[in-house]
Amino acid sequence: MAPNTTVARVTKCKSIELVRKTGHIELDVYKKGEISGLETVKISDVQSIDSIQDEMLPHPAHLLWMYGTCSINVSLPGWNGFMEGATQGNPCEHSRLLCLPFINNPPSQFDTIVTAIRTVKRKCETFNMKTCFVTFDQPRK
0 MAPNTTVARV TKCKSIELVR KTGHIELDVY KKGEISGLET VKISDVQSID
50 SIQDEMLPHP AHLLWMYGTC SINVSLPGWN GFMEGATQGN PCEHSRLLCL
100 PFINNPPSQF DTIVTAIRTV KRKCETFNMK TCFVTFDQPR K
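Mapping to numbering that gives the first Met the number 0: the sequence shown position 21 is 20, numbers consecutive.
Wrong hints could be hidden among the right ones.
Here are the simulated DSSO-like pairs of lysine-lysine, each with C-alpha atoms no more than 27 Å apart in a straight line [as the list claims (entries may be wrong)]:
1. K41 to K120
2. K13 to K129
3. K31 to K41
4. K20 to K122
5. K120 to K11
6. K20 to K120
7. K129 to K41
8. K30 to K41
9. K122 to K31
10. K41 to K122
11. K120 to K30
12. K120 to K31
Worth flagging that the hints you see were computed from the coordinates, not collected in a lab.
Everything numeric in this text was worked out from a predicted model, so none of it was measured.
Generate the whole structure from the sequences, applying the supplied hints.
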């Protein structure tokens, strides 16, 4: 959706059956392997995946904005607005944020966790995503 685009007002709600059908995920069954427990856990050095510098030098754009905020005669937008203007026209990669339908099953059961992970895997394959972060939010009591 382009900036400054008017969003059409929704005047009719979809039927509950349609919402229920589109938001339903079939539950996958967790099958316990022969080896269980910590024997199956693989530990990797996270820093070896993509080296992260311990010391990060500030980018010239950061220094320019910090200088501008201290200068009396210059009026600068906030950090977000400044960076948006400074990086306008630069190539960028798109990311995607996906919310999965609610899985109607207790969140701590293995079937629920396996269903969520397999659903995410299928979604990632659909969008050719190479990296995916998954969070599990349990309902408040």
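Consistency of the hints with the structure:
{"no.": "1", "hint": "K41 to K120", "result": "holds (19 Å)"}
{"no.": "2", "hint": "K13 to K129", "result": "violated (34 Å)"}
{"no.": "3", "hint": "K31 to K41", "result": "holds (17 Å)"}
{"no.": "4", "hint": "K20 to K122", "result": "holds (18 Å)"}
{"no.": "5", "hint": "K120 to K11", "result": "violated (33 Å)"}
{"no.": "6", "hint": "K20 to K120", "result": "holds (21 Å)"}
{"no.": "7", "hint": "K129 to K41", "result": "holds (20 Å)"}
{"no.": "8", "hint": "K30 to K41", "result": "holds (19 Å)"}
{"no.": "9", "hint": "K122 to K31", "result": "holds (24 Å)"}
{"no.": "10", "hint": "K41 to K122", "result": "holds (24 Å)"}
{"no.": "11", "hint": "K120 to K30", "result": "holds (18 Å)"}
{"no.": "12", "hint": "K120 to K31", "result": "holds (19 Å)"}
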